[in-house]
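Asker: Based on the hints, put chain R in the right spot on chain G.
Letter by letter, the chains look like this.
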Amino acid sequence: MDFDYSPDQLQFKTELREFLIAEVPEDKQAVFGLATEAQYRFGREINLKLAARRWLAVGFPEEYGGDGKSLIEQGILAEELGYRLVPEAGTVGLNVVLPTIMAFGSSEQKETYLSPIAKSQVEYCQAFSEPNIGSDRAPSGLRAERDVGDYVLNGTQTFTGNAFHADYMFLLASTESHPEKNWGVSLFVIDTKTPGINLQPNPLINGEMSTHTSFDNVRLPGSCLIGVENRGREYTMTNPHNAISELGRYGAVRRVFDDFTDFCNDSAPDGGQPLAEHPLVRHQLAQRRLGMETWKLLSWQGVSIEGHLSGNGTEVAWACLFGSQERLRFAEMAMEVLGPYATLRNGSHLVPLLGNIEGIHRETLNRQSSGTADIQRDNIAQMGLGMPRLGY
Amino acid sequence: MNFSLTSGQEILRTTAREFLSEECPTSLVRSAEESGDGHVAELWQNMARLGWLGIAMPERYGGAGRSLTDQAVLFEELGRALVPGPMITSSVLSAHIVLYGGTEQQKQNLLPGMIQGNLILTLARGERLETSSQSGGLILGGESSFVRHAGIANHIICATRPAIGAWPDTTLVLVDSQTDGVIMTAMESIANYPQYTVEFDDISLSNTAVLGEIAEGRVALEMAIQQATVVQCAETIGRCKKVLEMVVEYASSGGRFGRGSQSVQHRCADLKMALEGGRLLTYQAASRLDQGSPASEAIAMAKAQSGTLSRLATETGHSIFGAASFTVEHDMQLYSARAKIAEANLGDTEYHLDQMIAG
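Line by line, the protein sequences give chains G and R. Be aware that the first sequence starts at 40, since it is given in this note's numbering, and climbs by one per residue. Be aware that the second sequence starts at 178, since it is given in this note's numbering, and climbs by one per residue.
To be clear, the hints were calculated from the coordinates, so they are not data collected in a lab. There could be a bad hint or two in this list.
[As the list claims (entries may be wrong)] The calculated label-pair distances, taken between Cβ atoms and stated as ranges, are:
(1) R:Gly-242 to G:Thr-382: 56 to 62 Å
(2) R:Ser-198 to G:Thr-382: 54 to 60 Å
(3) R:Ser-440 to G:Asp-41: 34 to 40 Å
[What the hints assert, rightly or not] Selected chain G positions facing chain R (in silico; Cβ < 8 Å):
(4) Met-40
(5) Phe-42
(6) Tyr-44
(7) Ile-111
(8) Gly-246
(9) Cys-263
(10) Leu-324
(11) Arg-328
(12) Glu-332
(13) Leu-336
(14) Ser-343
(15) Phe-361
(16) Tyr-380
(17) Arg-416
(18) Asp-417
(19) Gln-421
Note that the Cβ used here is the ideal one computed from N, Cα and C, for glycine as well.
Excised from the complex, chain G in its bound form (with noise of 0.2 Å):
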């Protein structure tokens, strides 16, 4: 086993975290549970940066705008873009797209679809979930149906984040051919302007607009599927690149927790001793510094498995598990040191840390992204532990 990075990743680090420290001010830095647009822009602007050194898709092969590295350095990237707390954009096209097709695109696909990710041109929004079935990718209401050489699309989808944002849309949908609830799934890659498609916005609690989506007679042609008909819940679920956006989210918490433990070091409220040597406070933040090594360490085993999959291939739902269960607990941990001030929102002028404590505490009741825990706790027992399948 080896828990260290090479030199040559170490160096990457370094240099991306020097490029960022001095790229990224922090009245541009992304504020937990306050998405606003100028973020955004300023997230692509960054990407855009980051793409011009081959370092937005470092771990993908040079033809497609990457720079032939490892999933390590992808690893490292989305962990420095929490840690550096850089606002989110383009993370579906990078993490979900770009890997999906180059693991079962064709080659057509590839050379459409990759370099512009890569190069930052393209925003893509991830349509998974449809009313009352939820992220286990089972939809049964949005149908594809094969007509000559294309598919028509019928139905609807619903959190479908930053598609007003989006050019391409990555969509899950049924395939009639296998009726079966997990099998007849199909995965595509759909141009959002496509006639049929339309967008009502659905506002989320943190500022992000996601949308309903609903899909009239939306034709497109049979190029747009990924892979084979039926194995797109396979191809998401499998994804090794989940437990990078899994290192992603851990970072950007990491950072508020290690403010957090700074501003407990140096704030003495009642005039007296600082917040951190209070006895109770002290071994509530050495409880939560190692739920976060627990939680980092989960999150790179998952990354680390790809090219030797241990077989089960649920590493990565122990990792999402932990981490929506630990930011939750060091939110409330935070909140409760922090008495009423932890209610304060950003731009309030006696706001602790900018917020973010309290941004942190309403994000972790977004359970849906990856799956929320009870259906990761499913995969991990049926799927990892080989229990049975339960008839719901």
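Answerer: Leaving out everything else, chain R in the frame of chain G:
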């Protein structure tokens, strides 16, 4: 960055699992517990022949010269099989104290015998062990509790502090357990092996009984404790893995839970996640020690998590097995007793959380 075992480690694991499934069934574990000394001489000799007692000891003393990471892989298997005997106490903790703290002559005298299975060592620590000098040697007095396996140990390493006004720091003293004035009282406990309160009745020792140099034992002791702490974490991982396997099998094979229960499955998933986190924390600590890089924080994190993992495995096992696991006949109770012992050994969760911050 690579979190997989090497092929050599995979072979070690497979070999150990196969050997222990044959040679260390739970019937043997139970009889060792009932015999009173928590030790099975034949199994001990077999493990010595396999090279396990000196797996991480240098080859010049008869060891296998392998890494702490390899030793952790082995101890996962020992934990899984509930192997009885003074493995951690003698072949990890005491052996490393001798290795780090002893003179060359002392290493030659002790390590080969220990590795071959002929010598058993244990450690006595505590605030109340004192040494003072006298002409031509020193005097050892005081008592120490929770001395593991003292009844079968040939030697006791005493970590002593100076009587007031004498030497500034820890002195390690090696005492033959048969010496007059060494008085042992067995402690009744939930441990599967005997622990003792050992009293040293102002024993006169020559200066050659000092392990290394007077007042220079602290570093060796701390380094050995670091090694043993990581090994204890690995043992816990193995034990908890086995608990998970047992409950998954039980909950998936019909019976009480029919075709399956989501709440039970979710408990198993939570234990699996905690196990994986613990495994990574443990091997990270082992890897840091193997590389000679700073490891204190990594070790403290591993052991702090190890305690909560032990508790979760116990709670999960007894919940899912239900009333059956409250019987002596059921193996689950063997695992839960050891879980508590392991949790308390070498610093519990609270202690190590505190160490993390102090570090």
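Asker: Hint by hint, say whether it matches the structure.
Answerer: Checked hints:
1. R:Gly-242 to G:Thr-382: 56 to 62 Å: Given about 59 Å between the Cβ atoms, the range holds.
2. R:Ser-198 to G:Thr-382: 54 to 60 Å: Once the Cβ atoms are compared, 57 Å apart, the range 54 to 60 Å for G:Thr-382 and R:Ser-198 holds.
3. R:Ser-440 to G:Asp-41: 34 to 40 Å: The hinted range 34 to 40 Å holds for R:Ser-440 and G:Asp-41, with Cβ atoms some 38 Å apart.
4. Met-40: It holds, given that the least Cβ distance between G:Met-40 and chain R is near 5 Å, below 8 Å.
5. Phe-42: At about 5 Å, which falls below the 8 Å cut-off, the nearest Cβ of chain R leaves the hint on G:Phe-42 intact, so it holds.
6. Tyr-44: holds (6 Å)
7. Ile-111: Nearest chain R Cβ about 5 Å off; hint holds.
8. Gly-246: The hint is violated - G:Gly-246 has no Cβ within 8 Å of chain R, the shortest such distance being about 31 Å.
9. Cys-263: Since the shortest Cβ distance to chain R is 36 Å, the answer is violated.
10. Leu-324: holds (7 Å)
11. Arg-328: Interface hint status for G:Arg-328: holds (6 Å vs cutoff 8 Å).
12. Glu-332: With a minimum Cβ separation of about 5 Å from chain R (threshold 8 Å), the hint on G:Glu-332 holds.
13. Leu-336: Hint holds; G:Leu-336 Cβ to chain R Cβ min 4 Å, cut 8 Å.
14. Ser-343: Hint on G:Ser-343: holds, closest Cβ of chain R at ~5 Å, below 8 Å.
15. Phe-361: holds (6 Å)
16. Tyr-380: violated (24 Å)
17. Arg-416: Hint on G:Arg-416: holds, closest Cβ of chain R at ~4 Å, below 8 Å.
18. Asp-417: holds (7 Å)
19. Gln-421: holds (7 Å)
Hint compliance for this structure: hints 8, 9, 16 are not met, and every other hint is.
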